[in-house]
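This is what each chain is made of:
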Amino acid sequence: KAGVTQTPRYLIKTRGQQVTLSCSPISGHRSVSWYQQTPGQGLQFLFEYFSETQRNKGNFPGRFSGRQFSNSRSEMNVSTLELGDSALYLCASSALLGTFYNEQFFGPGTRLTVL
Amino acid sequence: TQLLEQSPQFLSIQEGENLTVYCNSSSVFSSLQWYRQEPGEGPVLLVTVVTGGEVKKLKRLTFQFGDARKDSSLHITAAQPGDTGLYLCAAMNYGGSQGNLIFGKGTKLSVKP
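The listed protein sequences correspond, in order, to chains A and B.
Quick note on the numbering used here: the first sequence kicks off at 286 and runs consecutively.
Quick note on the numbering used here: the second sequence kicks off at 117 and runs consecutively.
Be aware that one or more of the hints could be misleading.
[Said to hold, decoys possible] Taking lysine to any residue and the SDA-like style, the derived pairs with C-alpha atoms no more than 20 Å apart in a straight line are:
id, chain 1, residue 1, chain 2, residue 2
1, B, Lys224, A, Gly343
2, B, Lys224, A, Ser350
3, B, Lys224, A, Thr323
4, B, Lys221, A, Gln326
5, B, Lys224, A, Gln329
6, B, Lys173, B, Lys228
7, B, Lys175, B, Ser143
8, B, Lys224, A, Gly327
9, B, Lys221, A, Ser371
10, B, Lys173, B, Gly156
11, B, Lys228, B, Gly182
12, B, Lys173, B, Lys221
13, B, Lys221, A, Arg358
14, B, Lys221, A, Gly325
15, B, Lys224, A, Phe345
16, B, Lys221, A, Asn362
17, B, Lys175, B, Lys186
18, A, Lys298, A, Asn362
19, B, Lys221, A, Pro324
20, B, Lys221, A, Gly327
21, B, Lys175, B, Gly156
22, B, Lys221, A, Arg396
23, B, Lys172, A, Arg315
24, B, Lys224, A, Lys298
25, B, Lys224, A, Gly288
26, B, Lys221, A, Gly369
27, B, Lys221, A, Thr323
28, B, Lys224, B, Glu170
29, B, Lys224, B, Ile129
30, B, Lys228, B, Asp199
31, B, Lys221, A, Lys298
32, B, Lys224, B, Ser128
33, A, Lys298, A, Ile311
34, B, Lys224, B, Gly132
35, B, Lys221, A, Asn344
36, A, Lys342, A, Ser312
[Said to hold, decoys possible] Just a sample of chain A residues kept apart from chain B, beta carbon distances all over 12 Å, derived:
id, residue
37, Gln291
38, Gly325
39, Leu331
40, Arg340
No lab work stands behind these hints, which were simulated from the structure alone.
Think of the CB as a built atom: it goes at the ideal place given N, C-alpha and C, for glycine as much as any other residue.
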């Protein structure tokens with residue numbers, strides 16, 4: 286079974302630009318979550334989607350947005366990029382529902398550098 | 117705000133040594149997870165603990181969930197260079213859903229041959 290894939294793996298942008306990152310979950314997984322990882326703040330939750338609906342959103346500005354398609358693939362978009370947006374963006378997918386704990390499978394991430 | 121605090125932040129040891137990593141919080145969690153992340157990769161789930169006092173073993177790794185479900189530890193016996201990586205604890209955010217995890221900032225382990 287193929288794992289979670291993320292594209293692109295590396296991205297360099299300049300301040301003020303926008304960027305779109307893509308995530309394909311494991312086949313059959315309907316939940317996709319996004320996280321931002323930086324050396325200073327660690328892993329922080331961005332948002333979670335299930336069946337094309339956003340279920341939860343972390344404490345990030347409105348410049349960060351996302352969506353999920355009917356095939357469970359997900360995209361996240363960051364507009365008006367700032368230097369502080371440089372980070373590893375991780376996508377995770379999960380299949381379990383109805384349990385009180387989840388097992389998330391992470392992709393390799395997209396390394397975004399903002400110059 | 118729920119926080120998971122990990123200690124130590126960095127750990128550099130020689131092959132064959134034992135080590136323990138801690139994950140602490142003032143909040144109670146229904147479950148807690150441990151992940152390992154290698155450079156250039158996403159975190160990989162090692163274990164989920166759900167019962168207070170629970171102990172789980174994964175080869176040379178022993179995970180324990182505190183009785184009050186506020187803390188956890190990871191003990192590695194006879195560490196090997198392949199154990200090198202970033203160890204993260206995580207828990208489901210209060211009032212959140214299953215895809216919404218909070219993470220500790222991690223313990224960066226380096227095992228030298």
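Against the structure, the hints:
no. : hint                : in the structure
1   : B:Lys224 - A:Gly343 : violated (25 Å)
2   : B:Lys224 - A:Ser350 : violated (31 Å)
3   : B:Lys224 - A:Thr323 : holds (14 Å)
4   : B:Lys221 - A:Gln326 : holds (7 Å)
5   : B:Lys224 - A:Gln329 : holds (17 Å)
6   : B:Lys173 - B:Lys228 : violated (23 Å)
7   : B:Lys175 - B:Ser143 : violated (29 Å)
8   : B:Lys224 - A:Gly327 : holds (12 Å)
9   : B:Lys221 - A:Ser371 : holds (17 Å)
10  : B:Lys173 - B:Gly156 : violated (27 Å)
11  : B:Lys228 - B:Gly182 : violated (30 Å)
12  : B:Lys173 - B:Lys221 : violated (23 Å)
13  : B:Lys221 - A:Arg358 : violated (28 Å)
14  : B:Lys221 - A:Gly325 : holds (8 Å)
15  : B:Lys224 - A:Phe345 : violated (26 Å)
16  : B:Lys221 - A:Asn362 : violated (25 Å)
17  : B:Lys175 - B:Lys186 : violated (25 Å)
18  : A:Lys298 - A:Asn362 : holds (13 Å)
19  : B:Lys221 - A:Pro324 : holds (8 Å)
20  : B:Lys221 - A:Gly327 : holds (5 Å)
21  : B:Lys175 - B:Gly156 : violated (25 Å)
22  : B:Lys221 - A:Arg396 : holds (18 Å)
23  : B:Lys172 - A:Arg315 : violated (29 Å)
24  : B:Lys224 - A:Lys298 : violated (29 Å)
25  : B:Lys224 - A:Gly288 : violated (25 Å)
26  : B:Lys221 - A:Gly369 : holds (18 Å)
27  : B:Lys221 - A:Thr323 : holds (10 Å)
28  : B:Lys224 - B:Glu170 : violated (24 Å)
29  : B:Lys224 - B:Ile129 : holds (11 Å)
30  : B:Lys228 - B:Asp199 : holds (10 Å)
31  : B:Lys221 - A:Lys298 : violated (26 Å)
32  : B:Lys224 - B:Ser128 : holds (8 Å)
33  : A:Lys298 - A:Ile311 : violated (28 Å)
34  : B:Lys224 - B:Gly132 : holds (17 Å)
35  : B:Lys221 - A:Asn344 : holds (17 Å)
36  : A:Lys342 - A:Ser312 : violated (24 Å)
37  : Gln291              : violated (8 Å)
38  : Gly325              : violated (9 Å)
39  : Leu331              : violated (10 Å)
40  : Arg340              : violated (5 Å)
The structure does not agree with the numbered hints 1, 2, 6, 7, 10, 11, 12, 13, 15, 16, 17, 21, 23, 24, 25, 28, 31, 33, 36, 37, 38, 39, 40 stated previously, though it agrees with the rest.
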